[in-house]
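Undergrad: Chains as they are written, first to last, in the numbering used here: chain A, 1 to 201; chain B, 1001 to 1201; chain C, 2001 to 2201.
Be aware that one or more of the hints could be misleading.
[What the hints assert, rightly or not] Example chain B residues on the side facing chain C (calculated, C-beta under 7 Å, incomplete):
| no. | residue |
| --- | --- |
| 1 | Ile1023 |
| 2 | Asp1028 |
| 3 | Ile1029 |
| 4 | Phe1030 |
| 5 | Val1049 |
| 6 | Leu1059 |
| 7 | Leu1062 |
| 8 | Pro1196 |
| 9 | Ile1198 |
[Said to hold, decoys possible] Only pairs whose alpha carbons sit at most 30 Å apart, straight line, appear in this in silico DSS-like list of lysine-lysine:
| no. | chain 1 | residue 1 | chain 2 | residue 2 |
| --- | --- | --- | --- | --- |
| 10 | A | Lys60 | B | Lys1060 |
| 11 | A | Lys107 | C | Lys2107 |
| 12 | C | Lys2107 | C | Lys2060 |
| 13 | B | Lys1107 | A | Lys107 |
| 14 | C | Lys2025 | A | Lys25 |
| 15 | C | Lys2107 | B | Lys1060 |
| 16 | A | Lys60 | B | Lys1107 |
| 17 | C | Lys2080 | C | Lys2025 |
| 18 | B | Lys1107 | A | Lys25 |
| 19 | B | Lys1025 | C | Lys2025 |
| 20 | B | Lys1025 | B | Lys1080 |
| 21 | A | Lys80 | A | Lys25 |
| 22 | A | Lys60 | C | Lys2060 |
| 23 | A | Lys107 | C | Lys2060 |
| 24 | A | Lys60 | A | Lys107 |
| 25 | C | Lys2025 | B | Lys1060 |
| 26 | B | Lys1107 | C | Lys2107 |
| 27 | B | Lys1107 | B | Lys1060 |
The hints are simulated quantities; they were obtained by calculation from the structure and are not laboratory data. Given the structure is predicted, the values throughout are model-derived calculations rather than measurements. No residue lacks a Cβ here, since even glycine has one placed at the ideal position from N, Cα and C.
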Amino acid sequence: MLFSVLDIIGTVAFAVSGTLTAIEKRMDIFGITIIAIATALGGGTLRDVLIGNTPVTWLKDLQNFYFVIGSVIITVIFRKWLNELRVSLMLFDTIGIGIFTLIGIQKGIMIDLHPLVCILLGTVTACFGGVIRDILCNQVPVVFRKEVYATACIVGGASFYLFQFFSFSQDAVFICTILTIIGIRLLSVYFQWSLPQIKGE
Amino acid sequence: MLFSVLDIIGTVAFAVSGTLTAIEKRMDIFGITIIAIATALGGGTLRDVLIGNTPVTWLKDLQNFYFVIGSVIITVIFRKWLNELRVSLMLFDTIGIGIFTLIGIQKGIMIDLHPLVCILLGTVTACFGGVIRDILCNQVPVVFRKEVYATACIVGGASFYLFQFFSFSQDAVFICTILTIIGIRLLSVYFQWSLPQIKGE
Amino acid sequence: MLFSVLDIIGTVAFAVSGTLTAIEKRMDIFGITIIAIATALGGGTLRDVLIGNTPVTWLKDLQNFYFVIGSVIITVIFRKWLNELRVSLMLFDTIGIGIFTLIGIQKGIMIDLHPLVCILLGTVTACFGGVIRDILCNQVPVVFRKEVYATACIVGGASFYLFQFFSFSQDAVFICTILTIIGIRLLSVYFQWSLPQIKGE
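Isolated chain A, as found in the complex (with noise of 0.2 Å):
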């Protein structure tokens, strides 16, 4: 219950994104559409193409696509007020990483996948929808450069490990791995953490 809820909440925010995104590469209403579509379903897209669950779960069940639909149509109309809230943005956004991850470990553990590859499946289900859109506006994908936003969900991913040996109950596990990934990204927005770049020569 907590899990649709949380899930239907980083939907919502990445759609968000990913209009605010399309409406300044001054797109159609389509484009805006598939861009929004692009970025709050296509991590989990490629995931469950990788790990040949498909037709891929939003093709399966709709309710994650109407409230990406139902999300484009609210933040157009209300475009100019939205982009005053660019910090409760961020914060659904990270809550959205947060839940994304989980979703994707848990689908690689229910085929029995080794934990890295399902801390992988991961990291692809919550920053690859941001890598598709960035694809489709033909720029380079931000999360390859800025910000501390895959690795919070790497360290996150290994957390949810961590607290399962500790042997919480399931729902503890679920809510620990969450706050830490929200934690970390919070936390390296407020101190502008970010990845040493390499120098080439």
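Following the hints, put chains B and C in place on chain A, whose structure we already have.
TA: Quick look at chains B and C alone, frame taken from chain A:
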């Protein structure tokens, strides 16, 4: 039978349009061939991957692949002449999206997907060859920014279910759907319709 | 045995080339790792997705993943030194495309695909890691514009069937195919061969 003929026409038209795009980008003959394959077969490939219909159709039946290669050769030889045929190409392309939308819908129906999902699969089949072509050529997909293109597929896909509701014969439903898509597309080009662009702040 | 060793050499070479490309693009350490993974494992991943061999190979057996991570670490540490090794890298890379083409062909043969499709799968395995790397780095894939690269894979793939026709031992067929691809590629670099570019109007 009619179905196969139209499928081939659509494939050839998309292959020709991909070839002309790649020539403009000064690619070598290998790059041109890949772009033509991506344009003509990419939409159906993405659809097959999303629904788990693998190996994807054109790997199991090479007919369409051969038509793409043939189209590339003929287009490269007659490229100066073909550039003056952009209007005929647009017509072929329009027939192509009509039939590709229909094929995509049918593939979805065959595995009992929700009508809305089938319309999406039809649109993916018709439009994403062009999207993949544009990504490989490093430009923002044209379908996101111009013309009533995907919209014709979506409205045409919806009309498919409308025609079926009025229990036409299957063949009549097919032909009416294709004609609806072709009609919307041609009218939109003639009257220069376009979807509203959403202005940012 | 020989097969696995060559597979590892190819994977490492592609990982190193991806790492150097990402450093030039001033990505952070996460971006560099993703680009290296995409370059080394992307071609095989696309092949597996197209033929429905999921979960894709490197999610089931992490060995190649570990070699990629190790290559990234070593390349980042020794990056100044490696840039002077571009010739050795080109050699590794050439061995890589030879063996990756062969692996792709074998995967196709194992599920009874048409020889032409197997050659295509070999070429996809060898070349599309680089294509995905270039798309993620927001540049037109280099393989579409330069050098006899994919062509070596295609001709080498055809030679595989030729060698088999003359009923060499399986090992001899493998080695001759790899040597053919390496030979064509090295000759093309040495003599600066390139495919004809097609001029537009």
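Undergrad: Now look at each hint and say whether the structure bears it out.
TA: To see whether the hints hold, each was checked on the structure:
The interface hint given for B/Ile1023 holds, since its Cβ lies 5 Å from the closest Cβ of chain C, which is under the 7 Å cut-off. The restraint placing B/Asp1028 at the interface with chain C holds, with a minimum CB-CB distance near 4 Å, inside the 7 Å limit. Because the closest C-beta pair between B/Ile1029 and chain C is about 5 Å apart, less than 7 Å, the hint holds. Annotation: interface hint on B/Phe1030 holds; nearest CB of chain C at approximately 5 Å, less than 7 Å.
Taking 7 Å as the C-beta contact cut-off toward chain C, the hint placing B/Val1049 at the interface holds, the least distance being around 6 Å. Taking 7 Å as the C-beta cut-off, the interface hint given for B/Leu1059 holds, the closest approach to chain C being about 5 Å. A least Cβ separation of about 6 Å between B/Leu1062 and chain C falls short of the 7 Å threshold, and the interface hint therefore holds. About 28 Å separates the beta-carbon of B/Pro1196 from the nearest beta-carbon of chain C, more than 7 Å, and the hint is not met.
For B/Ile1198, the suggested interface contact is broken, since its CB lies about 24 Å from the closest CB of chain C, more than 7 Å. For the suggested pair A/Lys60 and B/Lys1060, the alpha carbons sit about 25 Å apart, so the restraint of at most 30 Å is met. A distance of roughly 26 Å separates the Cα atoms of A/Lys107 and C/Lys2107; the hinted pair therefore holds under the 30 Å criterion. The hinted pair formed by C/Lys2107 and C/Lys2060 meets the criterion: a straight-line CA distance of about 15 Å does not exceed 30 Å.
Restraint check for B/Lys1107 and A/Lys107: the C-alpha separation of about 26 Å stays at or below 30 Å, so the hint holds. Restraint check for C/Lys2025 and A/Lys25: satisfied, since their Cα atoms lie roughly 23 Å apart, inside the 30 Å limit. Distance restraint check for C/Lys2107 and B/Lys1060: the Cα-Cα separation of roughly 14 Å lies within the 30 Å cut-off, and the hinted pair is therefore satisfied. Annotation: proposed proximity of A/Lys60 to B/Lys1107 holds, straight-line Cα distance about 14 Å (limit 30 Å).
A threshold of 30 Å between alpha carbons decides the hint, and for C/Lys2080 with C/Lys2025 the separation of about 15 Å falls inside it, so the pair holds. About 33 Å separates the Cα atoms of B/Lys1107 and A/Lys25, which puts this hinted pair outside 30 Å; it is violated. Under the criterion of a C-alpha separation no larger than 30 Å, the hint pairing B/Lys1025 with C/Lys2025 is consistent with the structure, at around 23 Å. For the hint pairing B/Lys1025 with B/Lys1080, the CA-to-CA distance comes to about 15 Å; that is within 30 Å, so the pair holds.
Distance check on the hinted pair: A/Lys80 and A/Lys25 sit about 15 Å apart at the alpha-carbon level, within 30 Å; holds. For a cut-off of 30 Å, the pair hint linking A/Lys60 to C/Lys2060 stands: about 25 Å separates their Cα positions. Under the criterion of a C-alpha separation no larger than 30 Å, the hint pairing A/Lys107 with C/Lys2060 is consistent with the structure, at around 14 Å. Pair hint A/Lys60 plus A/Lys107 holds up; C-alpha atoms about 15 Å apart against a cutoff of 30 Å.
Our distance criterion of 30 Å between C-alpha atoms is broken by C/Lys2025 and B/Lys1060, whose separation comes to about 39 Å. With a CA separation close to 26 Å, the supplied pair B/Lys1107 and C/Lys2107 stays within the 30 Å bound. Between B/Lys1107 and B/Lys1060 the alpha-carbon distance is near 15 Å, which keeps this suggested pair within the 30 Å criterion.
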